[in-house]
Structures are given as C-alpha cells and as structure tokens.
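Number of protein chains: 2
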Amino acid sequence: MNKRTIKFSLVSCLIGSLCYGSALIASESTQGAIDFRESVMTTFKWYLQPMGAMTKGDMPFDATLFKSRAEGLANATRLDVTEGFPLGSAEDTEAQPKIWDDWDDFKLKYEALQKEATELQRVASSGDEAAMKAQFGKTAKTCGGCHKEYRKKK
Amino acid sequence: MNKRTIKFSLVSCLIGSLCYGSALIASESTQGAIDFRESVMTTFKWYLQPMGAMTKGDMPFDATLFKSRAEGLANATRLDVTEGFPLGSAEDTEAQPKIWDDWDDFKLKYEALQKEATELQRVASSGDEAAMKAQFGKTAKTCGGCHKEYRKKK
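Going down the list, the sequences are from chains A and B. Under the UniProt record's numbering, think of the first position of the first sequence as 1, with each following residue one higher. Under the UniProt record's numbering, think of the first position of the second sequence as 1, with each following residue one higher.
None of these hints come from the bench; they were simulated from the model.
Straight-line C-alpha distance at most 25 Å; calculated PhoX-like pairs for lysine-lysine: (1) B:K115 <-> A:K67; (2) B:K107 <-> A:K67; (3) B:K109 <-> B:K141.
In this text the structure is predicted, and so the values were computed from the model without any measurement.
Construct the complete structure from the given sequences, taking the supplied hints into account.
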C-alpha cells in the first residue's frame with residue numbers, strides 16, 4: 001500500500017467507526033425512549049385499574065382509594081409521554097408509523113387525556129360517586145381514542 | 001355419602017375456591033405493583049440520564065434540555081413509588097426484604113429524592129450551569145442512598 005492508500009483506509013476506518021458509534025448511540029437512545037413511553041403507560045394502568053373496576057362494579061366503591069388513584073393518574077399524565085416517541089421508534093413495537101405523519105393530532109390526543117385526568121382529580125376530591133364514575137368514563141375514553149388510531153391491533 | 005358429608009365437601013370446595021381466587025387476585029395485584037414501581041424507576045432513568053451525562057461532561061451542557069428533564073423528574077417523583085412495594089413483593093425482585101422492617105426509613109429516603117428533585121427543578125429554571133450540576137449531584141445521591149440500603153446487589 002502506498003501512503004495515499006493507507007491514509008484513505010485510515011480515514012474510512014475512522015468514518016466507519018464514528019457512524020457505527022452514532023448508530024449505536026441512536027439505537028440506545030431509541031430503546032431508552034421506548035422503555036420510557038411503555039413505563040409511563042404502565043403507571044397509567046396502575047392508577048386506572050382500580051378506578052375501572054369500581055366503575056364497572058367489579059370491586060366495591062372506595063372513595064379514598066379512587067381519589068388517591070385519580071390524583072396519581074393526574075400526576076402521571078404530567079409526564080410528557082410524547083417524548084418517548086422519537087421518529088423511527090415504531091419498529092417491533094405497538095406504535096403505528098402514522099403517529100409521525102399525524103404528529104399534531106397525536107399530541108392533541110394526549111393533551112385530551114391530560115385534561116380529562118386533571119378534571120378527574122378535581123371531581124374525585126368531591127367524593128360524589130356518580131360524578132367520579134362518569135368522569136372516569138370520559139378519561140378512559142381518551143385512552144381508547146388514541147390507542148384506536150395509533151396502536152397496532154394485537 | 002350422607003347429607004352431612006356432601007355439605008362438608010361443598011363447603012370445603014367453596015372455601016378452597018375462595019382461597020385460590022384470593023391468592024390469584026393477590027398475586028396479580030402484587031405483579032401490578034412490581035410493574036408499577038419498576039416503571040416509575042424507568043421514568044426516573046429517562047430524566048436522569050442526560051442530566052448525568054451533562055454533569056459528568058459526557059455530553060455538552062444544554063440548559064433547555066436540562067431544565068426540561070429536571071421538570072420531568074420532579075413530576076415523576078410526585079408518583080408515590082412506595083405504593084409499588086406491598087408487603088411480600090420482594091421475591092424474585094431486587095427489593096431487599098428489610099424494606100418492610102424499616103418502612104418509615106424507606107419512605108423518608110424516597111421523600112429525600114422528592115425534595116431534592118423539586119429543588120433541582122427550581123435551580124434548573126435559573127440556567128446557572130454550576131448550580132444545576134451541583135444540585136443534580138445532590139439529587140442523584142438520594143437515589144444511591146436508597147439503593148445502597150434497599151436494593152439487592154447484582
């Protein structure tokens with residue numbers, strides 16, 4: 001090899017390593033984002049489940065537990081789950097690729113959950129069973145509204 | 001079988017079913033709690049990681065990103081992770097069984113994180129790089145303080 005070939009090989013090697021490194025960092029951070037969004041949804045589930053069971057009559061109504069979970073849900077929806085959806089993070093997950101085509105609508109749908117969950121927290125502090133159950137229904141509907149459009153069918 | 005034997009068998013069967021049902025519900029709800037606590041920790045990781053990298057100099061300081069993650073962390077610490085540690089939920093997890101012997105201390109250690117993360121959010125709104133990094137250190141220390149006592153060594 002002459003000097004020019006050696007130099008070219010070294011530069012190629014360096015560029016290659018940098019690209020590999022960047023791809024690795026990108027894929028690590030994508031996985032971090034996926035873990036984050038899935039974790040936020042799992043916290044929602046924790047708060048929603050007993051309120052859902054009470055609303056459906058699968059467990060006795062407990063105003064204190066309902067209020068506590070409504071407060072937890074409102075706090076959890078203050079985490080911006082949309083941060084967990086960077087472009088290109090649909091693969092091998094339940095996310096529909098059209099999330100990124102309809103990004104503004106996707107964000108609006110999340111804001112609808114945030115709004116209804118905050119209202120649920122307010123209503124739950126009243127202790128009015130019927131009102132709490134009705135507002136739980138409205139809140140859960142916003143979850144479904146987003147999943148229907150943007151989550152792959154299992 | 002006489003009537004008495006049949007009655008006894010029916011009652012035994014009913015009690016058995018109820019016990020099995022309760023154990024199933026208990027184990028389902030324990031798994032839900034474990035999923036919840038692990039998810040809350042994963043959201044912490046999402047917020048902490050870039051602030052940690054900036055503090056250590058592994059990535060360039062970005063006041064806007066730092067502020068946003070500090071705000072996210074403060075919100076995430078408003079979720080009461082201790083709800084995710086019902087008695088008997090240590091098995092096959094990283095939780096040390098002594099959590100339940102030292103429950104008040106365990107809760108105090110979590111409150112220390114909540115306090116420092118709220119302070120980090122306040123300091124981060126100033127944009128003062130040195131102060132933000134110093135307060136990040138204090139916040140991260142409270143994670144370590146709890147893990148050292150209450151998380152099993154890997």
